[in-house]
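There are 2 protein chains.
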Amino acid sequence: MSFQTLADALEGHAAADADAIRAFLAASHAADIAQFLKDYEAQIDWRVLDFLDITKQAEVLGYLDRGEQVALARSAPRSRLAAVVTEMDADERADLFNALTEDEQEALLPALAQAEREDIRRLASYKDGTAGAIMTSDYAVLSPKLSARQALDTLRREAPDKETIYRAYIVDADRKLLGSVRLPQLILAAPDTPIENIMERETGAVRVDEDQESVARKIARYDVIALPVVDAEERIVGIVTHDDALDVITEEVTEDIHKSGSVGQLAESVGRASIVMLYRARVFWLVLLVFGNIFSGAGIAHFEDVISAHMPLLFFLPLLIASGGNAGSQASTLTVRAMATGEVHLGHWGRMLGREAMVAGFLGATMAIAIYGIGLWRGGADIALVVALAMILIVLAGSLIGLTLPFVLIRIGFDPATASGPLVTSIADIAGVLIYFGIAQAFLL
Amino acid sequence: MSFQTLADALEGHAAADADAIRAFLAASHAADIAQFLKDYEAQIDWRVLDFLDITKQAEVLGYLDRGEQVALARSAPRSRLAAVVTEMDADERADLFNALTEDEQEALLPALAQAEREDIRRLASYKDGTAGAIMTSDYAVLSPKLSARQALDTLRREAPDKETIYRAYIVDADRKLLGSVRLPQLILAAPDTPIENIMERETGAVRVDEDQESVARKIARYDVIALPVVDAEERIVGIVTHDDALDVITEEVTEDIHKSGSVGQLAESVGRASIVMLYRARVFWLVLLVFGNIFSGAGIAHFEDVISAHMPLLFFLPLLIASGGNAGSQASTLTVRAMATGEVHLGHWGRMLGREAMVAGFLGATMAIAIYGIGLWRGGADIALVVALAMILIVLAGSLIGLTLPFVLIRIGFDPATASGPLVTSIADIAGVLIYFGIAQAFLL
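Chains as they are written, first to last, in our numbering: chain A, 1 to 445; chain B, 1 to 445.
For the record, the hints were derived by calculation from the structure and aren't laboratory data.
Be aware that a few hints might be false.
No copy is singled out in the list; a pair is fine if it fits within one copy or between any two copies.
[Claimed, not checked] Simulated crosslink set (BS3-like; lysine-lysine; CA at most 27 Å straight-line):
| id | residue 1 | residue 2 |
| --- | --- | --- |
| 1 | K218 | K56 |
| 2 | K38 | K218 |
| 3 | K38 | K145 |
| 4 | K176 | K127 |
| 5 | K176 | K38 |
Values in this document were obtained by computation on a predicted structure and should not be read as measured data.
Whole structure, please, built from the sequences with the hints as guidance.
See below:
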């Protein structure tokens with residue numbers, strides 16, 4: 001049995017032995033089953049899930065995208081859906097709930113047990129993009145008065161429900177967070193050691209309204225499995241786990257990369273986004289950049305005299321302005337990424353500018369040498385000189401623009417990732433036109 | 001006390017109370033101390049580490065970049081270095097060792113205990129970029145014949161040495177990997193349950209020579225804390241942990257983003273790379289793209305007649321070819337990222353092309369409308385028509401080139417991320433010149 005033969009069986013091309021399918025799916029990882037359901041998009045229905053026990057159904061559901069979950073939820077009878085939803089991780093359950101319409105939410109809630117109802121209501125109330133929205137309520141708390149043995153007994157009773165009990169959180173009577181203890185520490189300690197004596201008091205807690213990206217970066221920075229989330233009164237309200245942090249970082253990286261290609265925000269993944277969504281995400285920057293390029297056009301129009309007197313100049317136009325744009329793209333790409341990883345800050349601009357000027361100077365000189373020969377061949381000594389000189393200055397200007405733009409954007413409160421390739425290229429193009437024909441006019445007219 | 005006052009004290013601007021510094025650093029996270037050392041670059045020496053106990057010194061060292069570690073290692077007396085290195089995590093220790101010169105390695109080894117020596121030699125022998133190179137030897141193994149109680153006793157004895165004992169690996173007498181057991185399961189089980197009865201047999205093991213990015217993606221996909229690494233005989237040789245996976249993913253993302261800006265591989269971070277390294281990473285693509293743009297130049301030269309007869313055409317040149325390049329950058333950015341996250345595969349090209357053609361058609365039409373008015377104003381009805389028509393076709397061509405190039409690159413065995421903005425722009429530029437002046441010649445001459 002393989003996912004391929006399973007697909008054949010589902011499509012009726014092969015005989016399906018229900019027991020064989022059941023055994024195959026029981027041995028498969030939920031993430032792989034979810035991937036299978038995604039690849040055979042037309043077939044994301046309950047037929048495959050019917051072969052799984054209810055816990056695994058919930059697990060597979062957790063690995064699907066929000067849109068796929070909603071489609072499944074809509075096609076299931078209410079009681080069936082309630083049973084699966086009850087088994088889902090608390091954070092994923094709340095996210096799915098948030099994605100349903102109000103009517104669907106009202107229909108689902110009465111079918112759930114009291115505890116799940118309250119849990120969903122609470123988790124679903126936090127604002128998107130905050131720690132509250134990605135945290136889970138599946139964590140274990142202990143009183144500081146317990147001994148290590150009593151603590152282990154408590155965890156034994158509670159463990160089956162909790163997403164992670166690798167670390168248990170120590171709270172006072174008001175659920176105020178005091179510290180935490182790792183499971184190995186509990187096991188290593190003498191049975192009657194008070195937890196107070198072995199707990200770590202540094203909690204690293206984040207506030208429930210903290211930005212999700214900042215929380216994810218902390219999890220990455222401190223190499224922890226989870227961070228506790230507290231409310232304004234320092235009471236623990238949830239934990240954010242390392243796998244959710246990774247999802248957040250991947251999402252933010254995608255957003256940054258899209259920005260670098262002048263693509264706006266996409267609420268759905270590329271494969272699932274509608275034509276209209278894709279159009280909207282792209283049209284703004286394309287039209288905006290047209291207006292930027294009108295300046296380049298105006299620049300060229302301004303130099304009509306020198307151009308019509310020396311038509312061979314046109315041959316080098318794309319080459320020169322593209323080189324400035326390319327050097328600028330390189331500089332902005334390096335800068336924006338270094339800012340995203342936290343390596344470069346606003347204060348580094350001066351030092352970076354000096355280095356960039358040196359690198360760009362060498363790059364421009366290299367390219368001027370390459371282009372001088374072509375200049376001699378296509379236009380003679382005068383044009384070769386103009387072209388080589390323009391190349392050095394254009395690469396230098398493009399690079400310094402590409403380096404500086406992200407700093408300017410931060411300074412005025414924008415995301416530096418907005419310094420996309422196309423934006424830098426458009427600005428460098430204008431500089432390129434002015435530099436090139438300016439030099440040409442000075443030398444040739 | 002804060003890191004700022006610590007800096008002042010170190011620079012002699014403020015009185016330093018050694019006890020206060022010691023207490024402040026003891027309460028600070030090792031990652032934060034490392035960040036402080038990085039920001040005060042000139043000061044990465046042993047003065048700050050001297051305030052910490054040896055375990056924390058090793059922890060802080062682990063959070064520094066390779067280059068900073070090496071600089072520190074070189075400035076320490078051998079015995080001092082050996083003591084800290086002994087305390088480091090096995091995987092980080094081996095990486096640092098690999099970064100030293102052969103002479104330095106030979107000097108360090110005799111100062112280490114036998115166990116650490118062998119461990120370093122073994123871990124340092126795996127090829128860069130493989131699971132072996134990022135795995136650690138800090139994991140716990142158990143025999144399947146043990147009871148749950150015996151297993152816990154074993155872990156209690158071994159725990160202090162192990163990076164993660166949240167999951168222990170079950171091996172036979174030859175260290176062949178049979179399965180694994182999570183610590184909570186051990187605690188929950190009745191004390192005399194044989195481990196064989198509670199262990200998970202699905203190991204998810206990766207081979208020691210598997211690509212590190214593929215291993216990291218598995219850890220992300222299966223939401224696990226660690227994956228075991230086995231050799232060709234299925235014997236366990238290490239584990240890769242979630243924090244290393246995150247580092248690998250961040251590194252690979254940086255590489256992809258750099259590629260998207262036509263920047264080649266950088267062995268160091270941007271802030272630490274030398275002028276020569278930065279020059280080398282950038283010059284190849286810049287010069288290569290010059291040759292691409294010679295075709296655009298040749299295209300323009302070919303249409304010299306129609307241009308000199310209608311000079312206003314030049315006004316629209318930057319605008320039109322930039323629009324094609326920008327639309328192409330958008331399409332390739334979306335495609336390359338969707339490929340990196342695994343959402344889009346080679347087989348999706350046909351479906352994606354159809355969607356892209358529709359989106360690009362609408363985008364081109366929108367921009368043609370915007371440009372038609374400018375065409376009327378600058379050049380009259382004929383030129384407006386030529387410009388609008390060219391815009392639709394150029395945006396369409398640029399988009400389809402941007403979408404298709406990543407698929408072509410995969411097909412011929414290249415990384416799709418090589419379809420960078422500048423490369424797509426250069427190709428789209430050539431198409432733009434030919435389409436624009438081709439239409440102009442047909443309508444105006």
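Verification of the hints:
In this homomeric assembly, K218 and K56 come within 27 Å of each other (Cα to Cα) only across copies, at 19 Å, whereas the closest approach inside a single copy is 31 Å. For the identical chains of this complex, K38 and K218 are inter-copy neighbours only, at 17 Å across copies versus 32 Å inside a copy, given an alpha-carbon limit of 27 Å. Taking identical chains as interchangeable, the C-alpha atoms of K38 and K145 are never at most 27 Å apart, the minima being 49 Å within one chain and 41 Å between chains. Proximity of K176 and K127 under a CA criterion of 27 Å is satisfied intra-copy only: 22 Å inside one chain copy versus 48 Å between copies.
Within a single copy, K176 and K38 get their C-alpha atoms no closer than 42 Å, and across copies no closer than 35 Å, so neither meets the 27 Å cut-off.
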